[in-house]
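These are the residues of each chain, in order.
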Amino acid sequence: MMETLDQLFVLLKRWVVGEFPAAWRLWLSPLIDAGAIIGVFAGLFAVTTLLERKGLGRLQNRMGPNRVGPFGVLQPLADGLKMLTKEDIVPRAADRVVHFLAPIAMVTPILLAYAVLPFGRNLVAVDFDAGLLFFFAVGAGTELAVFMAGWSSRNKYSLLGAMRGIAQMISYEVPLVLSAVAVVLVAGSLSLPSIVDSQAGYHWGWLARWHVFTPWGLAGFILFLIAATAESNRSPFDLPEGESEIIAGHLIEYSGFKYALFFLGEYLGLFAVSALGITLFLGGWQAPVPFLAWVPSYLWFGAKLLGCIALFIWLRGTMPRLRTDQLMNFAWKFMLPLVLVNLVVAALWHGTAAWGFFGAGATRWLLGGAVLWLTYSALSHALFTAPGRGPRTYRYAD
Amino acid sequence: MKHTPGWGLLKGLFETARNFVGSYYQPGRLTTIEYPDERLPVQENFRNFPMLIYDGADPERGLRCVGCKICEKECPPQCIYIVLERDRSGKVQKRPRLFDIDVSVCMSCQICVEVCPFDAIKMNTEYELSTGDRFGALLLRKAELAKPNEYYRRLHPTEAAEVDARLAAAAQAKAAAQAKEQAKLTAKPAKPAWSTQP
Amino acid sequence: MRAQAGDLEMRGAFAAEPHGGGGRSAGSDAGWGAGAGHEWVRPAEPVGRLEGEWLEVAMGPHHPSTHGVFRMNVALEGERIRKLKPVFGYLHRNHEKIAEGTTYLGSMPYTDRLDYFCSLTNNWAYALAVETLAGLGVPERAEYLRVITGELTRLLNHACLVGFLLHDMGTMGTPLMYAFREREKILDLFEALTGARMMCNYLRFGGCRVDVPAGWLAGAQRVVDEFPRFLDEFENLLTTNEIVLARSQGVGVLSGALAVNAGITGPMLRASGVNYDLRKVDRYGIYDRFNFRVPLGEHGDVYDRYMVRILEMRESVKILAQALKDLPPGPILDPKSKLRGFRPRAGEAYGRIEAPKGELGFYLISDGSVRPYRYRVRPPSLINLTVLEELCLGHTVADAVIVLGSVDIVLGEVDR
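Residue numbers (my numbering), protein chains in the order written: chain A, 1 to 398; chain B, 1 to 198; chain C, 1 to 416.
So here's chain A without its partners, still in its complex pose (with noise of 0.2 Å):
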């Protein structure tokens, strides 16, 4: 019973697949998927600025919307309507075919990355053999919307926006990538479902064996999460926007429809992002404790994914927003760094997973995070602390 429940989505798409002729069903298959992905996240992504706006103001000590609907629960539909509405302004001195087709190019290749998520068990659209690689691939895809709106909107600020948003998400793109690459190393596959079986089962039959449990995966988790926010424009690394410098940066000349969409392709990253790093160090679909195993998988998912949009919620309300160069220095300087004495640590604990006296886990455990801890504070202490900087007391006159 549970089993059917587990596997419903995947039963029921095969048996819609196979009531039509057989030639169809080649098409048809991925047409389902791709039906179901956007269906799916789309929904995922009305309730999520709806959240968003009632957490940041409960975070901010306002109510947050609450007129449309009980508890403002229509809000987001009020949204869509508003913006599809909207009239579709294009500056007379845009790019109009480049300005066109910047949110589209926005959207499509972070839907195209959702393909080879694995959401539940066997619940993914392409079990892709290098489907991280071609997630990083697609994903990277965004830059380039990034910087042809800002380029065709023919407005000094987009270009800021566009010049801040193309080096950000570059820049970011290294530890991202390289922080997964630790995962690579010790699973041994760039396909995400066998990424996810390697993270299955439990040490001592109740701490799941999930990456992040490791030092080494506490501390990719920790930089893949902040590289995922830089990838993903979200405060603190919302430069490319920086709504209080450069008023919208690249967004600036977008209203309507177009403006929505840019919108929309910016949550959609933040999912699939979020559902990449849950499935990298979370465990993807997997129970954190063996007794609640029987709960659908796809629920586990839908839990850690809500999780983490309010972790970024949560950040989004508290942090206040860094400066192009320390962007640069962050990720140049300490993520770059940090990330590759990462990968030995991985590479170590993958070396010491023979040993077998007692303790030896505990070791392996102190060892690794003692090597990312020292790194951690020498670098920060190299980087961030000068002469002047820092908490200071002051002196009073009488």
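Simulated from the structure, these hints should not be mistaken for laboratory data.
We put the CB at the ideal spot given by N, CA and C, even for glycine.
Among the hints, erroneous ones may be present.
[Stated by the list, open to error] Partner residues aside, some chain B positions facing chain A, computed with beta carbon under 8 Å:
#, residue
1, G12
2, L13
3, T16
4, A17
5, N19
6, F20
7, S23
8, P27
9, R29
10, L30
11, T32
Given chain A, work out where chains B and C should sit, using these hints.
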């Protein structure tokens, strides 16, 4: 404590989390008033736009305003417009024929109230005055401005009690003086009140 | 693709200026100062490499972080600011000339609208000038009420300023909302006392307009007691936040010497390490009775300006606690003061106070009539803004925004 990098960010996250949770049960945190559904009580000292006070039941006859035009003169943005009543022979009467306040100009400074020697103009607390007609509806005429003294007492009880006591004392003194004058049987006409300097 | 980097520069951003600055600017000063009657352009910093083309951006007048209608014409090299020219006057309302045409009392409500965050301190500076001019005394209780309302004003101004500053740094308005939450409580107090939340129009020459209503002092005491908790929260959230530190330390450094020469006053001056607080220097009102200290910065950067304000709020809380404790009974208006036909004797007077933003002064010349012959405001916002270019040069657009935020301007006062 030595500053550990990263600690400050975590403290900030903790603080926002506390505010998030606190906003559900601490009334000091969530101070939002959902305006059209709930309203804060109007403070007694609150002021919005001026109104004219009348005694008794008839807004025309009971109007305290004698049309001395002091408020018109003292009003900083010059939003008061007064035309005095004249009788058939053209003699100026001691009451306004027109008393208009352009509330789109008025800045609610209360100076008219302070300078009025007759306690005739006071501040109203009505604040939901938005209208689609910016030319007609924002020019308040005498009829709209005239409010009974009871209304004033309800809005500003402390201040009204003081004003009523003062007016009663003045009326009493005036009656006493009149009685005295009557007794003296001097037929000198009373000096118009509005020419007295306070 | 048709668009070229050079074409992207909007023509005429500077063309309206009398300096003859054309639309396009190459790396040289030619496009900036050619035909200029005076030298407002400073030579570009030697950067030791080939300079690219500069991009002129007009930040403002409707830019989310210019705190009103203010424009900064900046020339950017990449994101570095190479030149910056503040343009203001969009909110000019002829305040000083109106005041010369109206009575002394009639200007009082207009002073509310100068720095619309701090109407009570504006009232105070103006009242002080007129009282000096007319030789009016202020009763004890009124002095205390002035200190209480003035320090509450300082609390709300500094809280909001810090909130705005952090909002400019990109915190999605969280500190700003917290600051506004506290500000609401103070504004409620103002409303109960003066009848209006922002345009208080509370002070009169020789005292105050109304006495405190019943229960007001208890309410004020409650706000004052709770305020330090808010400050602690605020500091937890931001003071040691690494991003705030990175963003604000070493940015927009104002040296003490330049600050003094430029006439900077207020928290901005004290953040540069100059000990000059009119509450201590002039001891106007009854400030000599209170025990408080003046926090001083050392570096003169944005972080110091932020911290000096936070520490000043803590000192204000102390003053408020003392003032609320000592508030004596008595009259609130000098019996010699009168509303109508107020004619101070001919002469001149300058009244200044330590407004939250700096030295706010009113200079009045009386010719013995009911109207001032000359009326002049010394607006701290405007004068503190004059060093903006010095503070921003060499920094990025993002820094310019927070430097502007840390100067603490209100355009109502800048443009008057």
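Going down the list of hints, with the structure as the test:
For G12 (chain B), the shortest C-beta to C-beta distance to chain A is roughly 5 Å, which falls under 8 Å, so the interface hint holds. Restraint check, L13 (chain B) versus chain A: the minimum CB separation of about 5 Å is within 8 Å; hint holds. For T16 (chain B), the shortest C-beta to C-beta distance to chain A is roughly 5 Å, which falls under 8 Å, so the interface hint holds. The interface hint given for A17 (chain B) holds, since its Cβ lies 7 Å from the closest Cβ of chain A, which is under the 8 Å cut-off.
Taking 8 Å as the C-beta cut-off, the interface hint given for N19 (chain B) holds, the closest approach to chain A being about 6 Å. A distance limit of 8 Å between C-beta atoms decides the matter here; for F20 (chain B) the minimum to chain A is near 5 Å, and the interface restraint holds. The interface hint given for S23 (chain B) holds, since its Cβ lies 5 Å from the closest Cβ of chain A, which is under the 8 Å cut-off. The criterion of a C-beta within 8 Å of any C-beta in chain A is not met by P27 (chain B), whose closest approach is roughly 11 Å, and the hint is violated.
Annotation: interface hint on R29 (chain B) holds; nearest CB of chain A at approximately 5 Å, less than 8 Å. Because the beta carbon of L30 (chain B) sits about 6 Å from the nearest beta carbon in chain A, less than 8 Å, this interface hint is met. Of the supplied interface hints, the one on T32 (chain B) holds, with its beta-carbon coming within about 5 Å of a beta-carbon of chain A, less than 8 Å.
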